[in-house]
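Full structure from sequences and hints, please.
Numbering (the UniProt record's numbering), first residue to last: 1 to 256.
What the hints contain is simulated information worked out from the structure, not anything from laboratory work.
With a Cα cut of at most 25 Å, we get these calculated DSS-like pairs of lysine-lysine:
| id | residue 1 | residue 2 |
| --- | --- | --- |
| 1 | Lys22 | Lys2 |
| 2 | Lys170 | Lys122 |
| 3 | Lys212 | Lys170 |
| 4 | Lys43 | Lys122 |
| 5 | Lys22 | Lys162 |
| 6 | Lys185 | Lys212 |
| 7 | Lys122 | Lys212 |
| 8 | Lys170 | Lys185 |
Across the chosen pairs, the derived CB separations fall in these ranges:
| id | residue 1 | residue 2 | range |
| --- | --- | --- | --- |
| 9 | Asp189 | Arg64 | 51 to 59 Å |
| 10 | His86 | Cys130 | 23 to 31 Å |
| 11 | Glu193 | Ser153 | 39 to 47 Å |
Just so it is clear, the structure is predicted and the values come from calculations on it, not from any experiment.
Yeah, the Cβ is synthetic: ideal placement off N, Cα and C, and Gly gets one too.
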Amino acid sequence: MKGVTKSGIPISWYRDLQDVPKEYSFYLAHEFFDVLPVHKFQKTPHGWREVLIDIDPQVSDKLRFVLAPCATPAEAFIQCDETRDHVEVCPDAGVIIQELSQRISLTGGAALIADYGHDGTKTDTFRGFCGHRLHDVLIAPGTADLTADVDFSYLSRMSQGKVASLGPIKQQTFLRNMGIDVRLKVLLDKSDEPSLRQQLLQGYDMLMNPTKMGERFNFFALIPHQRLHGRNHQMNACQSKPSPSPVAGFGELAWR
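Here it is as structure tokens:
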């Protein structure tokens, strides 16, 4: 589907990434990967067993979690050196990352992913939300938003070395690297209205406070290898190899 914004900029909607033209592009995924379906696994004395959903034999209209009686095909997604006793794997995320990595390696551009997640350390994160409150995922299916934290270490592996991966880093660090403190100061200096200043400070606190969004959200990027180690980068006087080129948001902000 195609359209035009009020300012005259043409825009297009696509139902599938495969339908997007393979051209130099920047891909932004904000709270996208955390809603993709996951497979859950529990380590048992008999090996990994997938966590499935069944009808409770005692209550016919109630669902329950059960362990598969034997290995299932999805077990192939678990790393052979996995040390956790409970893991969640998202094959759909892997397919999308592979497609993005292939596109970026061939045509350039980059991908920026902002989401709830971890670097391969968390276990059971599958949960539901209804009306901004936690909701039992097995009660009233279809009435709540379901989510599972993104395993960024898995996304990095799925890039298969075709591109460079950066992060994950906490939102607090990313925004500070992007200059949020300087931006806040400029806006406060230009504002004489107390209510607006209060609104700015409250917004900053929501984004940066570690107990709020500052450490809940993570940023992760895919970029071409040559973006980090291009031939034209300046040599460090003490090095025989070019210094990595900084990437906005993933390196400390430096003023010159």
